[in-house]
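2 protein chains.
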Amino acid sequence: MTDKRQLVPMERDDAIRLLGSVSLGRIVFTSQALPAIRPVNHLVDDGDVIIRTHIGAAITSVVAPTTPGVVVAYEADQIDPESHIGWSVVITGVATPITDAGDIARYERQLEPWISQPMDQVVRIVPDLVTGYRLTDGLARDIH
Amino acid sequence: MTDKRQLVPMERDDAIRLLGSVSLGRIVFTSQALPAIRPVNHLVDDGDVIIRTHIGAAITSVVAPTTPGVVVAYEADQIDPESHIGWSVVITGVATPITDAGDIARYERQLEPWISQPMDQVVRIVPDLVTGYRLTDGLARDIH
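Sequence lines, in order, name chains A and R. Residue numbers 1 to 144, in the numbering used here, belong to the letters of the first sequence in order. Residue numbers 1 to 144, in the numbering used here, belong to the letters of the second sequence in order.
Hints are computed from structural coordinates only; laboratory data are not their basis. Just so it is clear, the structure is predicted and the values come from calculations on it, not from any experiment. Among the hints, a few may not be true.
Claimed, not checked - Label-pair restraints from in silico Cβ distances:
hint: 1; chain 1: A; residue 1: 99; chain 2: R; residue 2: 129; range: 31 to 39 Å
hint: 2; chain 1: A; residue 1: 81; chain 2: R; residue 2: 12; range: 22 to 30 Å
hint: 3; chain 1: A; residue 1: 137; chain 2: R; residue 2: 101; range: 27 to 35 Å
hint: 4; chain 1: A; residue 1: 47; chain 2: R; residue 2: 112; range: 33 to 41 Å
hint: 5; chain 1: R; residue 1: 69; chain 2: A; residue 2: 12; range: 45 to 53 Å
hint: 6; chain 1: R; residue 1: 82; chain 2: A; residue 2: 105; range: 20 to 28 Å
hint: 7; chain 1: A; residue 1: 126; chain 2: R; residue 2: 45; range: 35 to 43 Å
hint: 8; chain 1: A; residue 1: 99; chain 2: R; residue 2: 99; range: 47 to 55 Å
What the hints assert, rightly or not - Footprint (simulated), chain A over chain R, 3 or more residues, beta carbon under 8 Å:
hint: 9; stretch: 42-53
hint: 10; stretch: 69-81
hint: 11; stretch: 99-108
No residue lacks a Cβ here, since even glycine has one placed at the ideal position from N, Cα and C.
Can you build the whole structure from these sequences, using the hints too?
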């Protein structure tokens, strides 16, 4: 008898759906050859992850309109700090700035920035690798 | 009048203390030239971040006893999903496997793994860069 959690992999569609069910995640990228991470808010639109970045955010310097997209990871999780039951989803894919003015306006309306700083870029991450797992208590219960 | 959050940088000591006040974080590293991230639990001991990894975890392949340490980032946050008030801390530093049997035994007792898989490595991350900020509502209130 153990109370240890089980790691249960999930299907890609379930992972994307769970990612879209929360608004906070973390973008992971390389900045000056070092691993870097920033919490941001996001939405999922037609399977893509859309984020906004503010001026001065490190991601802006690597995802610039003048460069092709860069590969980033994006992570979200909901893990209970006491029971450790929950889920985690990580996608990896190319991040590119959105340049269409209509798309920018639409996403800006949907993605309310947290911070009272000028927001200057809307970025789309197209998931390539998608991994997700649930942390369950080993019973049949499924935690959403 | 705005209800937007303010980003308030914090001192290094405050950031390390907040990191030690929670047990869940995310290790960020490079795996096969791609940015990678895994949620893990941690403790802070004398300013260092200590984590355990299980066999098969991607970090194990990059933090091996036969290699010198690798640079990783480690992030933890507590951000209210509704109000967006909270904090985020990111450290960057060299991760090395702990080899002293006494240290391993002590940390293994303190760091209860979540998952019922064999745990094979205890890793120390010595913070080099430490950045932390609070997301406040712009009022004098301070959220811990």
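(request) Taking the numbered hints from earlier one at a time, note which ones the structure violates and give those numbers from smallest to largest. (result) 5, 9 and 11
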